[in-house]
Amino acid sequence: MAPAEVVIWEMLRAGRLNGWKFVRQVPIGPYIADFAARREKLVIEIDGRSHDQTIAHDERRQACLISLGYTVIHISNADVTTNRDGIARHIDHQMRLAALKGL
Numbered sequence: 007m008a009p010a011e012v013v014i015w016e017m018l019r020a021g022r023l024n025g026w027k028f029v030r031q032v033p034i035g036p037y038i039a040d041f042a043a044r045r046e047k048l049v050i051e052i053d054g055r056s057h058d059q060t061i062a063h064d065e066r067r068q069a070c071l072i073s074l075g076y077t078v079i080h081i082s083n084a085d086v087t088t089n090r091d092g093i094a095r096h097i098d099h100q101m102r103l104a105a106l107k108g109l
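Be aware that the sequence shown starts at 7, since it is given in this note's numbering, and climbs by one per residue.
Quick caveat, the hints were computed from the structure, so don't treat them as lab data.
Even glycine gets a Cβ: it sits at the ideal position worked out from N, Cα and C.
Each hint should be verified, as a subset may be incorrect.
As the list claims (entries may be wrong) - Beta-carbon label-pair distances, calculated as ranges:
no. : residue 1 : residue 2 : range
1   : Pro33     : Asp91     : 13 to 21 Å
2   : Gly25     : Thr60     : 21 to 29 Å
3   : His63     : Gly25     : 16 to 24 Å
4   : Gly35     : Leu103    : 32 to 40 Å
5   : Val32     : His96     : 16 to 24 Å
6   : His96     : Ala20     : 26 to 34 Å
7   : Arg45     : Ala94     : 17 to 25 Å
8   : Gly21     : Asp91     : 24 to 32 Å
9   : Arg66     : Gly25     : 28 to 36 Å
10  : Cys70     : Arg45     : 25 to 33 Å
11  : Asn24     : Thr60     : 22 to 30 Å
12  : Ala20     : Ile61     : 22 to 30 Å
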């Protein structure tokens, strides 16, 4: 895992973020998501140098995940370094919204 992914995994693993359950390096369709909450169908992608890919590839990936019913949020490496509390609040908020969709 890239350093930013390690930081986010420490935040998410074992239900540390308000009890939400995440897994890492999750195969979804032809892609591997950095992190996913399967029940709530939320994917978290860490964007940075190790994930530099073409815009077309990113758009195909995003479209595929959305077509499979996932909500995708992107977190930049810079935010991982400077805004961890904000990231935690954002993920928690998105998880609450995703959980409501599943009702």
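Quick check: which numbered hints come out false for this structure?
Violated hints: 1, 2, 3, 4, 6, 8, 10, 11, 12; rest satisfied.
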